[in-house]
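Could you build all of it, start to finish, from the sequences and the hints given here?
Here's the letter readout for the chains.
There are 2 protein chains.
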Amino acid sequence: MKTIVLLSGGMDSTTLLAYLKSVDHEVKAIGFDYGQRHVKELKAAQEVAMHYEVPFRVADMRGIGAAFMQGSSQTSADIDVPEGHYEEESMKQTVVPNRNMIMLSIATAYAIQEKFNCVAYGAHRGDHAIYPDCRVSFIQAMYAAIKECDWHTVKLIAPFIDHSKTDIVRLGYQLYVPYEKTWTCYKGGDKACGKCGTCVERREAFREAFASDPIPYEV
Amino acid sequence: MKTIVLLSGGMDSTTLLAYLKSVDHEVKAIGFDYGQRHVKELKAAQEVAMHYEVPFRVADMRGIGAAFMQGSSQTSADIDVPEGHYEEESMKQTVVPNRNMIMLSIATAYAIQEKFNCVAYGAHRGDHAIYPDCRVSFIQAMYAAIKECDWHTVKLIAPFIDHSKTDIVRLGYQLYVPYEKTWTCYKGGDKACGKCGTCVERREAFREAFASDPIPYEV
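As you go down the protein sequences, you meet chains A and B in turn.
Using numbering that gives the first Met the number 0, the first residue of the first sequence is number 0, and each one after it goes up by one.
Using numbering that gives the first Met the number 0, the first residue of the second sequence is number 0, and each one after it goes up by one.
Keep in mind the hints are simulated off the structure, nothing from the lab.
Be aware that a few hints might be false.
Treat identical chains as interchangeable: a pair holds within one or across any two.
[Said to hold, decoys possible] List of simulated lysine-lysine pairs, DSS-like, C-alpha gap at most 27 Å: (1) K91 / K114; (2) K194 / K42; (3) K91 / K146; (4) K27 / K91; (5) K154 / K91.
Structure representation (structure tokens):
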């Protein structure tokens with residue numbers, strides 16, 4: 000398979016890249032700058048891509064983010080990043096309007112342009128409670144839309160959709176994923192805050208997998 | 000209904016805007032700059048939006064077009080715009096990789112941000128032969144994906160999908176659409192070329208509707 004992978008620089012998409020390489024996909028990676036608060040994740044994505052020696056390009060969506068994707072703590076400076084467990088209702092304010100569909104549609108354009116036949120993204124079971132655009136029903140609809148969007152056929156895959164984040168850590172350790180290069184925290188500070196939903200989720204996953212998280216935290 | 004309309008400045012989306020206004024939708028319009036050869040269509044879109052007194056914003060996708068949507072006569076300077084009938088096989092070189100999915104996904108983000116409940120686009124029956132992303136199967140899949148993409152529900156409508164371009168002209172004349180303000184030609188020159196697929200299709204539609212096309216042509 001020749002696959003475009005959505006690479007955010009977080010642990011899920013990094014493990015996905017490692018997995019695709021382990022099963023011999025030819026991979027190109029794409030990241031997205033939509034003016035996110037945690038834009039430093041793209042630096043992590045670049046380092047991960049270099050580690051795996053795959054080409055990495057960033058889609059410049061800063062204008063689009065500023066004009067059409069407001070109303071989330073990740074794009075609007077006046078909305079605070081909520082702290083707490085990642086399945087709490089308050090975490091819904093981290094949802095960015097239609098982020099995943101936009102990212103998948105641009106990745107699919109890239110696949111068509113390159114005559115690649117697959118687009119991969121790292122949505123997992125734990126995302127469903129908060130992120131509507133990580134649900135199986137959404138992915139199934141996008142699978143159908145991507146299959147129909149061009150005369151050149153592209154297949155959408157989401158290998159982790161039935162797996163937990165803990166499963167992802169387990170797989171990642173088998174694959175020697177360099178988690179020290181990844182970035183997860185939604186606050187985007189010097190160190191990971193340890194208190195936002197994504198930090199809490201990440202630490203819980205490492206703990207449940209009996210693995211140690213190599214990145215430093217503020218708390 | 001509160002509706003985001005995809006407005007290219009061409010005759011289909013302009014008639015769609017007129018139709019939505021006639022049935023009392025509250026409308027905001029969005030255009031897309033993906034570095035298209037015929038970027039002057041956006042000036043037409045601006046004038047149409049002013050005519051109907053609806054807000055109009057342009058999504059800046061120039062970087063995305065240059066990096067991820069190449070391989071079409073409309074985005075790649077080294078591929079000529081084909082001339083002839085718009086249903087000829089050669090017209091497939093005007094297909095821009097995944098353009099409609101990207102545009103629909105950004106329009107949907109805009110709808111979510113504004114708490115609008117509808118996205119409208121002007122695909123019609125005559126588009127199907129050449130544009131995979133105007134087919135009913137594609138629109139149905141996008142309808143399902145858009146319905147699922149956020150906790151705020153957005154509905155995709157394509158009122159012209161079962162109608163011909165001739166039907167669109169007939170409707171437009173009933174609604175006093177200012178076709179002199181629209182731009183269709185893919186070559187994007189001073190005047191419409193009259194020979195590219197979109198010019199041929201437009202002229203055919205006006206002729207079949209026994210209407211006169213108010214714009215000047217080179218031939």
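Quiz item: Hint by hint, which ones does the structure fall short of?
Solution: Checked against the structure, no hint fails, so every one of them is satisfied.
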